[in-house]
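Peer 1: Chains as they are written, first to last, in this note's numbering: chain A, 514 to 714; chain B, 8 to 99; chain C, 3 to 252.
Rather than coming from a laboratory, the hints here were simulated on the basis of the structure.
The beta carbon of each residue, even a glycine, is placed where N, CA and C say it ideally should be.
A hint or two may mislead.
[To be verified] Not everything, but these chain C residues come out facing chain B in the computed CB check (under 8 Å): (1) R11; (2) L12; (3) A60; (4) S63; (5) K100; (6) E102; (7) I107; (8) T222; (9) G241; (10) T244; (11) R246.
[Stated by the list, open to error] Restricting the straight-line Cα-Cα distance to at most 27 Å, the calculated cross-link-like pairs of lysine-lysine (DSSO-like) are: (12) C:K100 with A:K522; (13) A:K644 with A:K572; (14) C:K28 with A:K522; (15) A:K522 with A:K599; (16) A:K599 with A:K644; (17) A:K572 with A:K559; (18) A:K686 with C:K100; (19) A:K644 with A:K596; (20) A:K572 with A:K686.
[What the hints assert, rightly or not] Over 12 Å on every C-beta distance to chain C, these chain B residues come out as not near it, computed from the model: (21) A27; (22) T40; (23) G42; (24) C44; (25) G51; (26) C69; (27) R80; (28) W84.
One-letter residues, chain by chain:
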Amino acid sequence: MAFISRGFKGRRRDPDSSSRVPPGQHTVNDFPVLSAGPTPRVDLAKWTFTINGEIDQPKTWTWDQFKSLPTEQITVDIHCVTKWSKLDTAWTGVSVDTLMEGVETAAEYVVAFSDGGYTTNMPLDEITDHKAWVVYEYAGSPLHPEHGGPVRLLVPHLYLWKSAKWVRGLTLKNADEPGFWESNGYNNHGDPWREERYWGD
Amino acid sequence: MTVEQADMKLDGNAIGGLLAEIFNMEMTTAEGTCGGCGTVNAVGRVDVYINAPGTVVRCPACGQVLMRIVHGRGRYWIDLSGMRCLELVEPG
Amino acid sequence: MARGTVLGRLGWRIGEVAEITAETPKVSSVAIDVPDWPGHLAGQHVDVRLTADDGYQAQRSYSIASAPEDRRVTITVERLDDGEVSPYLVGELRSKDKIELRGPIGGFFVWRAPGDRPLLLIAGGSGVVPLMAMIRHRAAAHDRTPVRLLYSSRAFEDVIYREELERLAAADPTLDVRHTLTRSHPDGWRGYARRLDRQMIDDVAWPAQPAPAVFICGPTSFVEAAATLLVDHGYDPGGIKTERFGATGG
Numbered sequence: 514m515a516f517i518s519r520g521f522k523g524r525r526r527d528p529d530s531s532s533r534v535p536p537g538q539h540t541v542n543d544f545p546v547l548s549a550g551p552t553p554r555v556d557l558a559k560w561t562f563t564i565n566g567e568i569d570q571p572k573t574w575t576w577d578q579f580k581s582l583p584t585e586q587i588t589v590d591i592h593c594v595t596k597w598s599k600l601d602t603a604w605t606g607v608s609v610d611t612l613m614e615g616v617e618t619a620a621e622y623v624v625a626f627s628d629g630g631y632t633t634n635m636p637l638d639e640i641t642d643h644k645a646w647v648v649y650e651y652a653g654s655p656l657h658p659e660h661g662g663p664v665r666l667l668v669p670h671l672y673l674w675k676s677a678k679w680v681r682g683l684t685l686k687n688a689d690e691p692g693f694w695e696s697n698g699y700n701n702h703g704d705p706w707r708e709e710r711y712w713g714d
Numbered sequence: 008m009t010v011e012q013a014d015m016k017l018d019g020n021a022i023g024g025l026l027a028e029i030f031n032m033e034m035t036t037a038e039g040t041c042g043g044c045g046t047v048n049a050v051g052r053v054d055v056y057i058n059a060p061g062t063v064v065r066c067p068a069c070g071q072v073l074m075r076i077v078h079g080r081g082r083y084w085i086d087l088s089g090m091r092c093l094e095l096v097e098p099g
Numbered sequence: 003m004a005r006g007t008v009l010g011r012l013g014w015r016i017g018e019v020a021e022i023t024a025e026t027p028k029v030s031s032v033a034i035d036v037p038d039w040p041g042h043l044a045g046q047h048v049d050v051r052l053t054a055d056d057g058y059q060a061q062r063s064y065s066i067a068s069a070p071e072d073r074r075v076t077i078t079v080e081r082l083d084d085g086e087v088s089p090y091l092v093g094e095l096r097s098k099d100k101i102e103l104r105g106p107i108g109g110f111f112v113w114r115a116p117g118d119r120p121l122l123l124i125a126g127g128s129g130v131v132p133l134m135a136m137i138r139h140r141a142a143a144h145d146r147t148p149v150r151l152l153y154s155s156r157a158f159e160d161v162i163y164r165e166e167l168e169r170l171a172a173a174d175p176t177l178d179v180r181h182t183l184t185r186s187h188p189d190g191w192r193g194y195a196r197r198l199d200r201q202m203i204d205d206v207a208w209p210a211q212p213a214p215a216v217f218i219c220g221p222t223s224f225v226e227a228a229a230t231l232l233v234d235h236g237y238d239p240g241g242i243k244t245e246r247f248g249a250t251g252g
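Please build the complete structure, drawing on both the sequences and the hints.
Peer 2: Here it is in structure tokens:
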């Protein structure tokens with residue numbers, strides 16, 4: 514019989530009987546901060562967001578231009594591969610559909626890239642058609658650097674490592690290119706509802 | 008950066024157990040050469056982030072990723088490609 | 003089959019809590035009897051793993067506070083209010099409870115008697131724990147290497163091991179303990195009353211030559227500030243060993 518620590522409960526873990534909580538997850542009330550490196554310092558005067566790669570003309574927005582784009586308020590559940598889920602998180606941002614307006618490309622894949630060198634990859638159709646946003650506010654306030662501010666990607670239907678913090682752009686690609694975690698054990702796709710956490714899942 | 012964020016960076020001492028589990032040796036005294044800038048540091052001196060989906064080890068001089076370690080479903084995935092060389096003293 | 007009992011393979015062991023001692027309002031020392039403990043060096047740590055009855059596990063590292071000469075493995079834990087493991091260790095855990103741990107871990111941040119050069123120890127908060135193991139080891143080994151401890155705490159009641167340090171220093175003129183309190187200090191306080199700065203390092207640190215052995219432990223921001231001050235003071239960075247405790251601990 515496995516050793517049990519008498520009286521240890523751990524952080525309050527709500528049982529995942531809710532249909533909103535994917536298998537193996539538990540809900541939390543705080544917002545854990547995970548980081549693979551130092552929090553980048555960003556100068557908004559020099560900040561840009563770019564769509565490049567398999568595109569005739571790369572598209573770039575400065576901070577002011579980005580903030581003038583049509584935005585949406587969305588409330589979604591988010592699921593981290595480290596097993597916590599947070600329900601009803603409220604964000605403000607620009608739909609990836611808005612950013613991709615007018616873009617003609619045959620690319621089937623995308624790599625999101627961030628300050629600090631982080632990357633994550635997806636099929637392009639996983640972030641279009643109302644599935645992803647580039648967000649700059651969380652719970653009504655400017656997105657804090659520890660949560661990826663000034664701007665992060667938000668792809669709520671996949672594990673949260675795909676929602677690249679400190680995102681600076683999207684590179685459109687003909688071939689899939691595994692990103693930072695996908696190339697080191699984490700699942701290339703990352704669907705929490707199928708518990709696609711690791712390679713081979 | 009708030010004080011708490013700055014404090015999320017640890018050092019190789021914090022993964023002494025994880026590395027011993029994988030390599031079956033004391034590793035914090037092992038010396039790694041950064042593949043980016045060539046700086047040599049004992050594992051006990053390098054920057055370590057353990058609060059992530061995996062463990063990320065970075066060169067304190069240039070920030071390059073030296074190691075990535077993911078542990079799940081009974082397996083380890085280890086990337087040491089950021090280090091050009093790792094020097095270990097024979098145990099015992 | 004129990005791992006870790008042969009050939010030094012690092013495996014999990016089950017120890018039994020012998021005694022829990024409150025050091026300060028938030029900090030307690032847990033003395034553990036560990037069967038077949040292979041011994042340890044001052045500065046090493048253990049990983050502690052807790053398992054809930056649904057199988058959920060949480061694991062944290064704690065520096066060993068006891069000297070290698072002590073037959074028990076003692077860890078000193080600060081209870082963080084929003085922590086997951088520390089409120090269990092300081093609050094729920096009782097004498098005779100079993101506790102799962104592995105170790106000893108670490109080879110970089112260790113000091114062994116006999117010392118061959120002056121020793122400078124700089125502690126921020128609970129960073130004093132591994133340095134206390136070094137001081138206790140030095141005392142048990144009757145080593146007289148000159149040692150200075152500069153220990154930063156928030157307030158007087160937060161100073162861990164205060165009386166023991168006083169007693170050891172009173173009995174040993176080669177052990178010099180200096181305190182600084184950063185948030186509040188009592189009336190009549192004669193130690194420092196501010197954060198580490200260049201002046202304090204200039205007063206307390208040994209001369210840069212002959213090169214002392216230096217160990218700094220505490221939160222990352224504290225450790226980095228202290229190391230920078232020492233390098234500014236003329237110390238060779240290679241001679242300074244650091245161990246960062248994160249805010250992630252707890």
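Peer 1: Run through the hints listed earlier and report the numbers of any the structure violates, in increasing order.
Peer 2: Of the numbered hints given earlier, those the structure breaks are 3, 5, 6, 9, 18, 21 and 25, listed in rising order.
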